[in-house]
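Trainee: With the hints as extra help, turn the sequences into a complete structure.
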Amino acid sequence: MLNAMIVEDNAIYRYAIKSIIRWEDYGFHIVSEALNGVHALELLHHQHVDFILTDISMPEMNGIDLIQKVKQEDDSIKIVALSSFDDFRFVKEALKLGAEDYLLKHDLEPESLEQLLQQMKTKIEAGQHLKRQAAIRNENLHEMWHLLGRKLIFGELKSVDEMEEQARAIRFPIYTGPLAIIIIEGKFTCNSTHTLYTELGEAPILVPISEHRTVLMTHFPNEHSERRCREELILQASVLLENKSEHSPLTIGISSIGYGIKDWAMLYRQAVAALELAIYDGIGYIYSYLSEKPKETEDALISMKVFASAIQSGKFEEIDRQTDLFFDSLKARRLLLEELKVVIQETAILTKAAAIGRGKFTSNAETIYRQINRELEGFPTIQQLKQLFHKWHQEMCYETMGNTPFRKEIQAAIAYIEEHYAEDITVAKLAESLHLSSNYVSNLFKSETGLRFVEYLNRYRIRKAKLLLQNPALKVYEVAEKTGFQETSYFCKVFKELEGKTVKEFRSES
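Quick note on numbering: my numbering labels position 473 of the sequence shown as 473, and the sequence is numbered without any gaps.
The set of hints was computed from the structure by calculation and includes no laboratory data.
All C-beta atoms, glycine included, are put in the ideal place defined by N, C-alpha and C.
A couple of the hints might just be wrong.
[What the hints assert, rightly or not] Capping the alpha-carbon separation at 30 angstroms, the derived lysine-lysine pairs in BS3-like fashion look like this:
1) K482 to K446
2) K131 to K158
3) K96 to K69
4) K71 to K131
5) K493 to K352
6) K386 to K187
7) K501 to K331
8) K331 to K262
9) K446 to K496
10) K386 to K341
11) K262 to K151
12) K496 to K386
13) K386 to K429
14) K496 to K352
15) K151 to K71
16) K429 to K331
17) K71 to K331
18) K466 to K429
19) K466 to K391
20) K466 to K501
21) K123 to K187
22) K501 to K464
23) K18 to K123
24) K341 to K131
25) K352 to K501
26) K464 to K391
27) K391 to K475
28) K464 to K386
29) K446 to K475
30) K493 to K504
31) K429 to K475
32) K121 to K105
33) K475 to K504
34) K391 to K504
35) K151 to K341
36) K493 to K482
37) K429 to K408
[Stated by the list, open to error] Label pairs and their calculated CB-CB ranges:
38) R463 to G378: 36 to 44 angstroms
39) I283 to E231: 19 to 27 angstroms
40) Y477 to H212: 38 to 46 angstroms
Mentor: Below, the structure written as C-alpha cells:
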C-alpha cells in the first residue's frame, strides 16, 4: 500500500476527495491531511509519503511553494495539483516545478480521480523498481570496488596496464597525484567514514579487509607538498580516532606518500608496519610509517647476553633490573615486529639455557616459556612480554634457590618458612626461632636471596595455593586460610600481582 497526503485548506473539499472513491482499492492509504503547505512540510518530517494531492491556493504557503520545497527534499514523491478556474494560470508553474499532473476541482469525478491514482501508482512503482535496481547495481559496484581494492593492496595485479584496465571497467578511481593508505584496526563503522567526509570534505576509497581491519585510500588532488599531505593524513586519522567506540578503541597505521595506483601494495605494507608499532605503546593511537631503517639488532643481542648472565647469578634484584633495562632498550630501538620477535625468541632460548645450566628448569618454568612463544605468534605489547619475562625469571630463580649455597642461618630460615607457612609467621617469630635479632635476619635474608622475607614467604604460599586451587571442592577463602593468609582479599591481591591473573582466571585455565 502506498502512502498519500491530501493538502487542502477547505474542509468540504478534503472530505469530498477522501470519500468520492475508496483509495485503498487503488493501492493508496491516506496517512495524513494538511491545511496548507507549512502544515504539510511539518507532517512530512514525521512520516513517509509517496503521493501528494495539493491545492494551489492556500494561506501561509501555497501549493506552488510546497511543490518546490518537496521536490528539493525528495524528488521521488509524486505530486498532483488541484486547481480552480481562477488560479489555472499557476498550473503551468506547478508542472514546471515537477508536478505530475493537475485536476480541476469543479470537474472532480470518481472516474477522473480513479484514472489519476492508477497512473500515479504505475509511476511510483516504476520509480521504486528503478531505485531498487540502482541500489543493487551500487551494491554490486561497491563489492567490485572492494575486490579490486584488495587485489591492489595485496599486490595480486602485476602490471600497471592490468590495474588500470580493471579499474576503468568498474569506474574505480585512478588517482595519479599524491595518495596514502590508512589502516584502521578495531570496530569501524560507516558512520565514522561519513563523519570523515563531512568534516574533511574529501571521500577516500574504503576497502574492508576483515571484521576488525579497514583500509582507507585517501588522495590529495590539490596538494603538491608531501609535508602538507602528511599533515592532512594525521588530521584525517585524528577525526577517525575521535569517533571510536567507547568499548572498542581504534588503532591507526599510516603509510608514507605514494603516486598512482601502482603504489597501493607498497603503501599498504608500510601502513601495516606502522600499525605493528603498537607493540611498543599499545592500542588506541596513531602510528606513522618510519622511513628510516630501525637500529640494528646487534645491540639488543649484546644486552641479552648480559641478561642471561644475570639469570646465572640467581639474584632477583639484578634480574629484575636487567629485565627492565632490556625491554626499555627494545622499546627505544623500535625494531620492526619480525626483528623484535627474533630478539625475544633468542633471548628466551639463551635464558632457558642459562637456567638449565644452573641444574633446574621446572615444569612451571617450561609452561611460562611456552606461553612466551604463544604470545609471540600473536600481537602482544612490549609491556605484556616484559611482565611475562619478569614472572618467568622469578619462577626460575625461585626454583634454583635450593641449589644455592646459602649461609646456615638462611637455610634454617627457609626450612622454617616451609614448615610454618600456613601459620601467622613474622620476621620477629623467625628471628626468635633462630636466636637472632629481627634486623639482622631481615638484612641477611635480603642479601642472600635477593628477596625481602615477606616477598619470599608470599611466593612460597602462592606456590602452595596453586596446588590447592586445582581442587574444585575447596573455596577460595579455604585455600587462603590453608596457606597462611588471614584475609581472602589480600590473598587474591598477592595472587594477581605474582601470577598476572586472578584466582578465577587461574582456576578456569587449570
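Trainee: Please go over all the hints and tell whether each is borne out by the structure.
Mentor: Okay, the hints, checked on the actual structure:
1. K482 to K446: At roughly 26 angstroms apart (the allowed maximum being 30 angstroms), K446 and K482 satisfy the hint.
2. K131 to K158: Answer violated: K131 to K158 is near 37 angstroms, above 30 angstroms.
3. K96 to K69: holds, 13 angstroms
4. K71 to K131: holds, 16 angstroms
5. K493 to K352: This hinted pair holds, its Cα atoms lying about 29 angstroms apart.
6. K386 to K187: holds, 28 angstroms
7. K501 to K331: Answer holds: K501 to K331 is near 24 angstroms, not above 30 angstroms.
8. K331 to K262: violated, 34 angstroms
9. K446 to K496: holds, 23 angstroms
10. K386 to K341: It holds: about 13 angstroms lies between the C-alpha atoms, which stays within 30 angstroms.
11. K262 to K151: holds, 11 angstroms
12. K496 to K386: Since the Cα atoms of K496 and K386 sit roughly 16 angstroms apart, the hinted pair holds (cutoff 30 angstroms).
13. K386 to K429: The given pair, whose Cα atoms are some 36 angstroms apart, is violated under the 30 angstroms limit.
14. K496 to K352: holds, 24 angstroms
15. K151 to K71: Since the Cα atoms of K151 and K71 sit roughly 42 angstroms apart, the hinted pair is violated (cutoff 30 angstroms).
16. K429 to K331: Given that 30 angstroms is the threshold and the Cα spacing comes to 45 angstroms, the pair is violated.
17. K71 to K331: Violated, at about 60 angstroms.
18. K466 to K429: holds, 26 angstroms
19. K466 to K391: OK: K466 and K391 at ~15 angstroms, within 30 angstroms.
20. K466 to K501: The hint holds at about 12 angstroms.
21. K123 to K187: Violated, at roughly 42 angstroms.
22. K501 to K464: holds, 16 angstroms
23. K18 to K123: holds, 21 angstroms
24. K341 to K131: violated, 53 angstroms
25. K352 to K501: holds, 23 angstroms
26. K464 to K391: With a Cα-Cα distance of about 17 angstroms, the restraint between K464 and K391 holds, given a limit of 30 angstroms.
27. K391 to K475: Cα-Cα ~26 angstroms, so holds.
28. K464 to K386: Satisfied, since the Cα-Cα distance of roughly 25 angstroms is no more than 30 angstroms.
29. K446 to K475: violated, 34 angstroms
30. K493 to K504: Roughly 12 angstroms between the alpha carbons, so the hint for K493 and K504 holds.
31. K429 to K475: holds, 29 angstroms
32. K121 to K105: holds, 21 angstroms
33. K475 to K504: holds, 11 angstroms
34. K391 to K504: holds, 19 angstroms
35. K151 to K341: holds, 28 angstroms
36. K493 to K482: Judged against 30 angstroms, a Cα distance of about 16 angstroms means the pair holds.
37. K429 to K408: Holds. K429 to K408 sits at ~18 angstroms (cutoff 30 angstroms).
38. R463 to G378: 36 to 44 angstroms: violated, 28 angstroms
39. I283 to E231: 19 to 27 angstroms: Hint holds: Cβ distance 24 angstroms, inside 19 to 27 angstroms.
40. Y477 to H212: 38 to 46 angstroms: holds, 40 angstroms
The earlier numbered hints that this structure contradicts are 2, 8, 13, 15, 16, 17, 21, 24, 29, 38.
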